[in-house]
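**Q** Sequence:
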Amino acid sequence: MRIRPAGGTGDGGLGTDPDRIAAAIRDADTGSGVLVLVDIGSAVLSVRALLAGGDLDGIDVRLADAPLVEGAVSASVMAATGADLAAAAAAAEEARDVGKL
17 MRIRPAGGTG DGGLGTDPDR IAAAIRDADT GSGVLVLVDI GSAVLSVRAL
67 LAGGDLDGID VRLADAPLVE GAVSASVMAA TGADLAAAAA AAEEARDVGK
117 L
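Position 26 of the sequence shown, counted from 1, bears residue number 42 in our numbering, the numbering being contiguous throughout.
Take these hints with a grain of salt, some might be off.
Unchecked claim - Cβ pair distances, simulated, as ranges: (1) 98 x 73: 20 to 28 Å; (2) 27 x 113: 14 to 22 Å; (3) 97 x 25: 30 to 38 Å.
Don't read these hints as lab results, they were simulated from the structure.
Remember, it's a predicted structure, so these values are computed and weren't measured experimentally.
Glycine is no exception: its CB is placed at the ideal position from the N, C-alpha and C atoms.
Turn these sequences into a full structure, and let the hints steer you where they fit.
**A** What follows is the structure, encoded as structure tokens:
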């Protein structure tokens with residue numbers, strides 16, 4: 017399991033950079049696919065554009081509809097147990113429904 021951040025622009029500003037995202041996905045891939053979690057807005061659009069463009073060298077990429085922090089923790093725990101990409105993605109997305117109080 018590899019966790020790679022890809023936030024921000026190339027010059028260190030706020031926003032997203034599709035090239036940084038693609039590089040992080042490629043670096044995170046261990047052959048079993050990559051789960052991508054995003055915060056909001058341009059990150060979602062950038063990842064969807066990368067997926068539609070087919071520029072990720074055949075890597076199995078899943079964009080999770082999940083809360084960023086809670087989803088990342090849940091997915092990481094599942095991945096650490098040896099769970100596959102689908103199970104990690106499901107855990108991330110289920111985190112949305114977990115109450116805090």
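**Q** Assuming the hint says 14 to 22 Å, is it satisfied by the Cβ distance from residue 27 to residue 113 or not?
**A** violated (38 Å)
**Q** Holds or violated: the 30 to 38 Å window for the beta-carbon distance between residue 97 and residue 25?
**A** holds (35 Å)
**Q** Hint says 20 to 28 Å; check whether the CB-CB distance for residue 98 and residue 73 agrees.
**A** Cβ of residue 98 to Cβ of residue 73: about 24 Å, so the range 20 to 28 Å holds.
In summary, the structure is inconsistent with hint 2 from the numbered list given earlier, while agreeing with all the others.
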